[in-house]
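> These protein sequence lines are chains B and Z, in that order.
For the first sequence, this note's numbering assigns the number 1601 to the last residue and increments by one with no breaks.
For the second sequence, this note's numbering assigns the number 426 to the last residue and increments by one with no breaks.
The reader is advised that the hints may include incorrect statements.
As the list claims (entries may be wrong) - Going by beta-carbon spacing under 7 Å, a handful of chain B positions derived as facing chain Z:
no., residue
1, S1496
2, P1499
3, V1560
4, Q1562
5, P1570
6, P1572
For the record, the hints were derived by calculation from the structure and aren't laboratory data.
Every residue gets a Cβ at the ideal spot worked out from N, C-alpha and C, and that includes glycine.
The primary structure of each chain is shown beneath.
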Amino acid sequence: MKFKARVWKVGDNINTDLILPNRAFYLTPEEQVTYVFSANRPGWAAEVKKGDILIGGKNFGMGSSRPAARSLRNLGLACLVAPYINGLFFRNAVNFAFPAIECPGVDEAFDEGDIAEVDVIAARVRNVTQGTELIAKPLPEQLLSIISAGGIYPLLEKEGSISAKGLSR
Amino acid sequence: MGMTIAEKILAAKGGRKTVVPGDVVTVHLDTIILFDNNFMPSNWREIQRVCDPERIVVVFDHRVPAPNQLAAGGHHTGREFVKRFGITRFHDVGREQGISHQLVADYGYAVPGSTLVCSDSHTCSGGVFNCLARGVGGPDIIYAAVKGETWFRCGETIRYELEGTLSKAVTAKDAFLQIAGVHGDHATQNVEYGGSGVAGLSINARKTITTMSAELSAEFATFECDDALTQWVQARTLRSFEAVKPDADAKYKAVRKVNLSELTPLVALPDSVVNNSQPVGALKGTRIDQAYIGSCANGTQDDLELAAAVLRGRRVAPGVRLIVVPASQTVYRDALKSGAIATLVEAGATIAPPTCGACGGGHMGVLSAEETCITSSTRNFKGRMGEPSSRVFMASPATVAASAIAGTISDPREFLN
Chain B
1433 MKFKARVWKV GDNINTDLIL PNRAFYLTPE EQVTYVFSAN RPGWAAEVKK
1483 GDILIGGKNF GMGSSRPAAR SLRNLGLACL VAPYINGLFF RNAVNFAFPA
1533 IECPGVDEAF DEGDIAEVDV IAARVRNVTQ GTELIAKPLP EQLLSIISAG
1583 GIYPLLEKEG SISAKGLSR
Chain Z
10 MGMTIAEKIL AAKGGRKTVV PGDVVTVHLD TIILFDNNFM PSNWREIQRV
60 CDPERIVVVF DHRVPAPNQL AAGGHHTGRE FVKRFGITRF HDVGREQGIS
110 HQLVADYGYA VPGSTLVCSD SHTCSGGVFN CLARGVGGPD IIYAAVKGET
160 WFRCGETIRY ELEGTLSKAV TAKDAFLQIA GVHGDHATQN VEYGGSGVAG
210 LSINARKTIT TMSAELSAEF ATFECDDALT QWVQARTLRS FEAVKPDADA
260 KYKAVRKVNL SELTPLVALP DSVVNNSQPV GALKGTRIDQ AYIGSCANGT
310 QDDLELAAAV LRGRRVAPGV RLIVVPASQT VYRDALKSGA IATLVEAGAT
360 IAPPTCGACG GGHMGVLSAE ETCITSSTRN FKGRMGEPSS RVFMASPATV
410 AASAIAGTIS DPREFLN
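Make a model of the complete structure from these sequences and hints.
Here it is, written out as structure tokens:
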């Protein structure tokens, strides 16, 4: 789980409703991605390229249980790095196999457009553009194994506990 | 080393001697609540087996009654699930329906020392019952229904010592807005409430504080147990339980005092409650289009009675829509019996059926562009209740009711003294 790409930056207290607003609830997961940050950064979702990295601010993902992390993953983002992350958003990041790690100071260590190199397992975040490196909080082994398996659904599918088909993936 | 309430329940339900911050613990779940959003096509995966139908509760609350065909379809899927697995605790539209966190209180689903999950973020509401309750993700709840367990990450705990007594027209919502306004977010941390001031707060008032703790980004929010709490739970369930007290040498990241006697009505400005509270006087005169009283945070009988006390013999201002949503059919019936509903309707309130409804921008009072709402519900994020350009101020039911009368944000003390 190593990623190297340009970064996008957002501010503190980014909430789940900005990522997945209520008015997108009835759409398919694929359609929902076009609504990411539509209220605070209209047009941004179309600019994201597959593999880009998101640098969040403090208290990233505050709010609801909605699958906001799934929308960020489906948008093509490789991972999220933020100083600290709301616990419920973090759960959904694990659930949907979207790597999200906490790294104090990361919000100040990057300018938008910088190139980042993120090693999720080693918990290291490097700003390639500025030549700096930060130490992140390692993900617990138990949660890494869920992410490596592709999230909760593949685990349950494999043992036949849920149907193999469904819109939610 | 001593443990906090959350740490002790994590240890007990995780089969461990001790739990310390940083641990990831797999715990046994006593109560697993599914609600209508889980059954919507973009969220649902057909479950083939469940851990134990007796530990599962199914509630329809977010989109009730079904506002459109997709929601109706989700409800249908939920009913099929209930039938297939013989779930007996099913709260369909009708006499026993309500917002899940209110039903937890109405039916005694959260007992002291137990664990409870639901994939709604305000599930921490159940922490009022000295229970380890938290919101999890949609896939988590499916996993929980199948396996009967989940993982929890233990954070550090912040302890709030509540002291004194709230003044007239000042509520638990104001106490929460004080904490959120001064101390900001509590992400990755637990919050624990105790102190001599707790006895003076009703269970409903305490529940406002635990429910709103989701807005602090807290992991778990718990209250200590006392006689009033024990009586509440015992009146509603036959389940046995043992209250969990923090150890005398429990380790807290911080212990902070909140003097309830010193509090005044507060209002959170739009977009967040984190470091965003103002005294009501600072916003006096701000014009509103809608006033909303309800949700899992403030849709209890206490809240409806308080609103009725403010609105008795008065009228909602022309051009203002006051929407009142009892949090459950039980609350609705009680407020009908007490006369509170009659008072509210006489004043010009529209009563909506128990539902999360417009609190999440779903239905029953969604905002148009540029509109301003003052709400006693859970959340005031940008676009939360409708169009992204609408503004949502947050305050207590008393402040919302006072503002509905004036048509502008107003101090409830002017209406209750």
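> All hints, please: hold or fail.
Hints, one by one, checked against the model:
| no. | hint | in the structure |
| --- | --- | --- |
| 1 | S1496 | holds, 5 Å |
| 2 | P1499 | holds, 6 Å |
| 3 | V1560 | violated, 28 Å |
| 4 | Q1562 | violated, 27 Å |
| 5 | P1570 | violated, 11 Å |
| 6 | P1572 | holds, 4 Å |
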